[in-house]
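*Asks:* Here are the chains, one letter per residue:
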Amino acid sequence: MQKMPQWADVVLIPLISLLLAALLSALVILAIGENPWSALKLMVDGSMGSTYAWGYTLYYATNFIFTGLAVAIAIHARLFNIGGEGQAMLGGLGVALIALYIPWPHWSIALLGGAVGAALFGAAWALIPAWLQAKRGSHIVITTIMFNFIAAALLNYLLIGALKPSGSMEPATGRFPEATHLPTFQDMFSTAETALFRGAPVNVSFFVALLACVAVWALIWRTRLGYEIRAFGQSESAAKYAGISPTRIIVVTMLISGGLAGMMAINNVMGEAERLVLNAVEGAGFIGIAVALMGRSHPFGVLLAALLFGFLYQGGAELALWTSIPRELIVVIQALVILFTGALDNMVRMPLEAMFLRLRPAPKPARKTEPAE
Amino acid sequence: MDFLTLLQVLDTTIRLATPLLLACLAGLFSERAGIFDIGLEGKMLASAFLTAAVAAVTGSVLIGTLAGIGAALMLSGIHGLASITFRGNQLISGVAINFLAAGITVVIAQSWFGQGGRTPQLSGNARFESIDLPFVSEIRDIPVLGPIYAELISGHTLLVYVGLLMVPLTWWVLFRTRFGLRLRAVGENPAAVDTAGISVVGLRFAAVAICGLLTGLAGAYLSTGLQAGFVKDMTAGRGYIALAALIFAKWRPWYALGACLLFGFLQAIALRPDVIEGTLGFEVGVQLLDALPYILTVVILAGFVGRAIPPRAGGEPYVKER
Amino acid sequence: MTDHTPAIELKGISKAFGPVQANKDISIRVMPGTIHGIIGENGAGKSTLMSILYGFYKADAGEIFINGRLTQIPDSQAAIRAGIGMVFQHFKLVQNFTVLENVVLGAEEGAMLRPSLAKARRQLKQLAAEYELNIDPDARIEDIGVGMQQRVEILKALYRQADILILDEPTGVLTPAEADHLFRILKGLRDQGKTIILITHKLREIMEITDTVSVMRRGEMTATVQTAETSPPELAELMVGRKVLLQVEKAPATPGKTILEVENLRVIDSKGVERLRGIGIEIRAGEILGLAGVAGNGQSELLEVLGGYRKAKGKVRLNGEEIDLTGSKSDARTRRARGIAHVPEDRHHEGLILDFTAWENVAFGYHDKPEFNKGVFMDNAAIKADAAAKMERFDVRPPNPNLAAKNFSGGNQQKIVVAREIERNPDLLLIGQPTRGVDIGAIEFIHEQIVALRDMGKAVLLVSVELDEILSLSDRIAVMFDGQIMGERLPSETDERELGLLMAGITDTDKPHSEAEIEANLAKKRASAAKEA
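Residue numbers (UniProt numbering), protein chains in the order written: chain A, 1 to 373; chain B, 1 to 322; chain C, 1 to 533.
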């Protein structure tokens, strides 16, 4: 029995959740003595007011698309991957090794190599939690959290040790060679007369992220593997009955998830920093959770939610710059979005369902429902 | 390693184990009632901040602690609302609470104190002072036992002793009282509790509230006992380590004490690379020591050190069924 | 039965779940000191009505009178206070608590546990003596059998001083002997003046034990009659609303070559308990082998092994070729490729993905077949066409492949599963509880399909806990008890009594057996099983 139309489920509920989160955030801003309305104007201006601002917004969004897709595909298999942060860190390591130690003739091939390296390292970091979940029943939520901490320690160790150029005081690798530098939007879209996206870090990885959205969509709804992932996510016992191996699905899904999280590194490490620094991920792995929940685990939803968080992130940076509101406000908003779209989903949903039930005409014909796509 | 160094390391172990222990017992109450809580971290952090902030303003650590407990209870309330009332996903709710605490503590700290997300340094009555147990000066000079009593057992702050006393108290409540019987039942089979005419919602909220109280104490200890003030993200994963200890302890109070002491010991020796080098004869990277509790947790979770069966109804919201 | 005030009187009870009217204007009087049966098909609204009486649901309209007094029952606590006790179909016991702890839970005396437990221990002893309810108060629930667990539930109610006892389908998990024992307990309780409401869909039980019977159909109470003045065919007609054939029409079997051979099959579960202890069966082409037994005696494990999702030791041959039982080829996918189709016992947790559409479910398990795929992508158009065709042939209603499986009724869900498996034209069909939770119309249809498959020369392994179904469909009957085959019989040469003895683990069925003997045998088997665990 369908309680409300699909569009309400897909559009209305996330929107209401978002409004609630925004409302509470506004209260927080009020409480610390700032004006929410001017804060919002500042954020909009700072994140969408110029191609420069857009350049930052889209740069952040690129990160969040990758980490959001990573969380989303795991959710389809009913796996909650909180390890995106660590997997993205390892992705950065993969990119750094590939950029530093392999001589690349051209950025396009380097991008391909970097993407493969990032994905492999991210996937490898997801492999152990996946295997432990599949074979030993260790809860993947806890193990992936632990692997975030272990990843941080590992990168710390490498960046003040083996990967640091001799003579440098900074915990970071050396700069990547020229041939691996990815074209930014400034390089791609500026003309001789007008410079667009000047100095903004958004780069060609954004298009890779869009491709990843399409690929994940096709994977989930058009391939056998996707069918099996969804079936497993809905019912493990039924999956076994149908001959779908739980071990295989858990491991493969987590490899894809970790790979997607890792691929974020082609944006932040290869595209922006052009070297690997400590804490390069800056919490983007965690924001992926909010993005996936907000986007209802659908690649298109993830894209929209990632853009929203790109806006919040860049807007928040502007706020921190011009007002006394610290950047951590974004973490609060992120938490509220996770809370409302994830944990308190029913709080928003139940009154809405009751409302739609009341609006419905009394005798109910067998209504056509579209397949879940 | 000489005797005195050993005592020092063990003394540090007890101090570092205390927040883990309080948080672990907090998780024990919640999870025994069927509510998974990965938000221990956030509740500790919120309490650490508000305790330090209020203690800094009022100059009283007790008022601060009460405020800290209040903060943790509020987050517990949100967790209860999400996972009990609205039958939401308990893991997601926990994650949200951790982020909420991580963000809001810094935002408010910046707004109140303007010191980059920290509270002022606490001193005097704004901190928990160490307590000398009776007869310390008389016993101190007895060989072996004297130093153990004086250095190791005596001289901790109030909350350390509260934490240790919580272990037998938790055991007693769980296994010797009506409330404990019902609490364990609701984590195993809420339908049995419901059909017996007891409120599942009420019991679970009670458990979540106790969890808030204990994480509140854990956070208060962090910022006013272990350290002298709040700094950003000062829980540093302790909530997750407490969860790991809870699993390691198979959801039992006495085992929890053992698990927390072990993790506390690991953290204690990580602070003393010189001792490790002196004992083992080679240098161990400080990053490895940092990562060791997490690695150990994964090994434990992998079930290579005994299998743990969680409460049967854990993580599942209760929906009435015929 | 001299008192003329009903123990329970319901007046005009109605309850709707969304658009579904589960109870419609129901009125009923239950006299004190009687056993009152309520009979009806699955989904007739019996359990909803009792849940309202026990405070689980709130009725939309209507009144409840207990002993003549208008009573509000907003929650279970109120029901208990009104003297109502309920034994649910699925027991509400805490598995790792002792019997004593379960009895005490919710009825403790004061905040400390020890005095309560001591008092309950004394009371249990008394109750056990009074009502033949012997049980070890310190046994853990997970270590005792279902019959015992049911007694714990009854004790729970009596400990709370219930005068009115409601039992919801109490015999579903019991052997006939255990059921007889339960009925003796119930009669004893009635003779002590307790009022008992027995909810069931089994006509035999109604005739055997009740004083009065009420019939429910589609949420309405259609009749209340004295049991002595009615007959099974009349009740069946009242339940269904039309005359029903209680027998399946089928020609005698003409078995051909051997399709399935199972030898010395053994399964040890994750707790180390041996679930199958050397099973040997054989099924031939054109034959239905019915596997009778009380739920939980290894039938499910046997289906899982043959279906390819449980590992086992022993030998299984299909069409003379050995089947891999432990290795990489022991999965369900390979089994399907070899020609084994499987309608599982539990369609909600195995046979269907409830949130998937009907068309996605029609490909379930066969989604890797070439006709459903185009390269790396699935051919959704082909699957939809196939699903629409199958749903039409099996008269699935509504015939809409885009509807999610959860939106179909139980009978139509089962038809989707049966269509998917039978239409693959398998050599061997495994079918478990084919008509559980299915309405009578669909039952007849599904039975016809099973017989038709047999007549095409296929082998069928039918597992059912309903003896009627086993007796009317099978060409040969094997009885399982405690992981072993107790014996095989021909339907024409056996009866419920003999099968019942076999189901209780007694093989020399020619001799007369006393109930005490059967009890002792069951107890012995359980004790040995518990020890091994």
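Calculated from the structure, these hints are not laboratory results.
One or more of the hints may lead you astray.
List of simulated lysine-lysine pairs, BS3-like, C-alpha gap at most 27 Å [to be verified]: (1) C/K119 with A/K240; (2) C/K24 with B/K250; (3) A/K164 with C/K271; (4) C/K24 with A/K240; (5) C/K24 with B/K320; (6) A/K135 with C/K313.
*Asks:* Next step is simple, just say for each hint if it's right about the structure.
*Replies:* Going down the list of hints, with the structure as the test:
no. : hint               : result
1   : C/K119 with A/K240 : violated, 48 Å
2   : C/K24 with B/K250  : violated, 49 Å
3   : A/K164 with C/K271 : violated, 52 Å
4   : C/K24 with A/K240  : violated, 41 Å
5   : C/K24 with B/K320  : holds, 22 Å
6   : A/K135 with C/K313 : holds, 21 Å
In the structure shown, a violation is registered for the earlier hints numbered 1, 2, 3, 4, in ascending order.
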